[in-house]
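Engineer: Sequence:
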Amino acid sequence: LLPPFCCCCAALRPRYKRLVDNIFPEDPKDGLVKADMEKLTFYAVSAPEKLDRIGAYLAERLTRDVARHRYGYVLIAMEALDQLLMACHSQSIKPFVESFLHMVAKLLESGEPKLQVLGTNSFVKFANIEEDTPSYHRRYDFFVSRFSAMCHSRDPDPEIQNEIRIAGIRGIQGVVRKAVNDELRATIWEPQHMDKIVPSLLFNMQKIEDIDSRIGPPSSPTVGVKEENPSVLAENCFRELLGRATYGNMNNAVRPVFAHLDHHRLWDPNEFAVSCFKIIMYSIQAQYSHHVIQEILGHLDVRKRDSPRVRAGIIQVLLEAVAIAAKGSIGPTVLEVFNTLLKHLRISVDFELGDRRSSCESTTLSISSKESDERIVQNAIIQTIGFFGSNLPDYQRSEIMMFIMSKVPVLGTTSQSLDPSNLGDLGTRRIQIMLLRSLLMVTSGYKATTISNALPAPFLDPLLSPSLMEDSELRQLVLEILHNLIDRHDNQSQAQRDQVLIIPDVSDLKIKRDKISRQDVSFMKKHGQQLYRHIYLGCKEEDNVQKNFELLFTSLALTTIELANEEVVIDLIRLAIALQDIAIINEDNLPMFNRCGVMALVAAYLNFLSQMIAVPAFCQHVSKVIETRSVEAAYFLPETIFKDKSNLPKSLEKDETDLFFLTNKIAESLGGSGYNVERLSVPYVPQVTGKCSHMERTKYR
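For the sequence shown, position 107 matches number 112 in our numbering, and the numbering has no gaps at all.
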């Protein structure tokens, strides 16, 4: 018998095997034999039908060398495979690719880090090759699993651990690129793959962020450092993955993020969660933003029984997502967002009151802490509602205003309000305050062309309901909402300035106003009495504080600026005189501070009104009364009563007419300027109409 490796036997071997054997030197340190590699490449290109055999033989040699730990020859075999892949793009490359992937899998399965990195590098090169024809049977399940496992490497050597994790991330990036570019790209988006890929990327992003948070803000790394940073590489891969997601597979890519954040308890604190969803929102195509928002809302429903801080963390993430989506397309989820948030507002109030009711079984400290945490949730919801609403176009914002108002518990209405039946009076008040605070944020900056668009009857009636006058804070919120809607020329800051004042020269305020439109005149004829009544009854409340008087003054001033023609001016003067009578006659037994506050409010408003309509005789009468008060009764002026509450009179004398604004004097001054003053002789009486009439008569009779 001839020796097994004699020349005769070698000559009988297939040519492709001889060409493959020739590329391996005797000493692997010499590296790939380039001349013989060129011959092998030429042979493979010339006879592509032999590619599958070449691949199978190389795989056989590589498997044997791996088993024998002859890693030098393994490196040469992989280098040869890479070059053949780059050179051959024919139909016959498909079987060769299968051999190649089998060899890469062998390297990845080995326990040797450098072989795993070698296999990853080869796979990445393969992923960047555009094949001439699609593969209808190839799947990458093994590579997804293996690369994901490498991303979680726990090697005791930090350098090796870092190297393996980087290789795993690069491998995932290669799988994503290859699978997405294939015509059968849908397979990579299957949940079983996304559930491995996404958490692996987030794990590396999270780990480096944890280190950075301990050592302080990291300095700007160089390009080389960035390339070796698993966090940066994982984030880039995550962005690329999301950027390739389409309508049908967006949810599969996002849902594993929630699972990861839940499993690692990253909602409290939620810095990493916020960072993740910012990346998501900026990476996906803008038209898919509503998918992400829907997923966050759905997860908030799932976690509705969790601790307040977890729910607040999810809501804050929603706020960040909405802030980004508001710049583009939010889609059909507008009402769903508000409905879900209002539902969770109701749940939070329920939890808060439940904790309060169980206070007898817990320490005061723990209960107050729970209540404080629920307030965090409620504030987060209100902030999200306000930001979302304020970024909507006006036509959508008006719908949202109506929607929120319909949820406010108001007695005597058939609105679809949040059910307060199990909460009692305290719960109802909390719900009302939270919803009105939300509505206040939504109405901020809203500019309607006509006041009837801003305050339609279905919105105005419940807003001015007596149910929302039971509490000082409720009345303040209602007035602030009215200011946002009435003020169409941004005069509110000028008219209010956070205090009631006797303004020496109103022209210094640079107030902007237009001629009153027909629609606004019609609105005041139809609804003006509702506004007057609300202001009148608001002044009679015993629990008014300084802020209430300031807001009432602003309401009168804005009504004058935006809605007052000659007829409305007469009505406002009648209202002011009626307010003065409240303080003088005091049928409601108001405290002395309230009576002086009303007198000061009337003085400030009539001073403002007289300068706005610029009737000299009217201005003279108002100025004379104010001067007399400054000498004899300074507590009737806002500058005194709201700064020094200790200097209050013991009683108010009804016959001190020099201190009061007199109807006959005002009528005389306005009549000479062409005003129809006949109605001034008729005292103002609040007119109660509509659904609220019975309740108001019951409360204020």
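Please note that the accuracy of each hint is not assured.
What the hints assert, rightly or not - Within a straight-line C-alpha distance of at most 25 Å, the following computed BS3-like cross-link-like pairs (lysine-lysine) qualify: (1) K34 <-> K99; (2) K552 <-> K670; (3) K55 <-> K119.
What the hints assert, rightly or not - Quick list of the computed label-pair ranges, beta carbon to beta carbon: (4) S498 <-> A622: 28 to 38 Å; (5) P19 <-> T251: 44 to 54 Å; (6) I134 <-> K44: 49 to 59 Å; (7) D510 <-> A639: 41 to 51 Å; (8) Y252 <-> D306: 19 to 29 Å; (9) E637 <-> G450: 14 to 24 Å.
For the record, the hints were derived by calculation from the structure and aren't laboratory data.
The C-beta atom is built at its ideal place from N, Cα and C for all residues, glycine as well.
Engineer: Against this structure, judge whether each hint is valid.
Structural biologist: Comparing the hints with the structure gives:
| no. | hint | result |
| --- | --- | --- |
| 1 | K34 <-> K99 | 32 Å, violated |
| 2 | K552 <-> K670 | 31 Å, violated |
| 3 | K55 <-> K119 | 30 Å, violated |
| 4 | S498 <-> A622: 28 to 38 Å | 31 Å, holds |
| 5 | P19 <-> T251: 44 to 54 Å | 47 Å, holds |
| 6 | I134 <-> K44: 49 to 59 Å | 22 Å, violated |
| 7 | D510 <-> A639: 41 to 51 Å | 21 Å, violated |
| 8 | Y252 <-> D306: 19 to 29 Å | 23 Å, holds |
| 9 | E637 <-> G450: 14 to 24 Å | 45 Å, violated |
Hints 1, 2, 3, 6, 7 and 9 from the earlier list are contradicted by this structure; the remaining hints agree with it.
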